[in-house]
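Q: Sequence:
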Amino acid sequence: MIKTPKNPQKNRQQPYGPEAMAAAQKRATEKQQRLAQALKANLARRKQQARARDGENPGHDDQIGG
Numbered sequence: 009m010i011k012t013p014k015n016p017q018k019n020r021q022q023p024y025g026p027e028a029m030a031a032a033q034k035r036a037t038e039k040q041q042r043l044a045q046a047l048k049a050n051l052a053r054r055k056q057q058a059r060a061r062d063g064e065n066p067g068h069d070d071q072i073g074g
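In the numbering used here, the protein residues as written are 9 to 74.
Certain hints may be false.
Using C-beta positions, here's what the derived DEER-type ranges look like [stated by the list, open to error]: (1) K11 x T37: 40 to 48 Å; (2) K11 x R54: 31 to 39 Å; (3) A28 x Q56: 36 to 44 Å; (4) A28 x A49: 38 to 46 Å.
In case anyone wonders, no lab produced these hints; they're calculated from the structure.
Only a predicted model underlies this, so the values are computations on that prediction, with no experimental measurement involved.
Every residue gets a Cβ at the ideal spot worked out from N, C-alpha and C, and that includes glycine.
Using the sequences and the hints given, assemble the complete structure.
A: What follows is the structure in structure tokens.
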């Protein structure tokens, strides 16, 4: 009886060439840039909301998000 692996996809050889490494690096940096951009946008939005709310209770910007 021949034993077959449960997940044949896992045992497939990965293309670890210089091109693949470069592509992975590029994807990682793109993802990082997207994350950084999202963080900046989120922070700006929260600051703006805090400013808009500032009329009601001044000086409580530090309690955003909780």
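Q: With reference to the structure, classify each hint as holding or not holding.
A: Evaluation of the provided hints:
no., hint, result
1, K11 x T37: 40 to 48 Å, "holds, 41 Å"
2, K11 x R54: 31 to 39 Å, "violated, 55 Å"
3, A28 x Q56: 36 to 44 Å, "holds, 42 Å"
4, A28 x A49: 38 to 46 Å, "violated, 32 Å"
The earlier numbered hints that this structure contradicts are 2 and 4.
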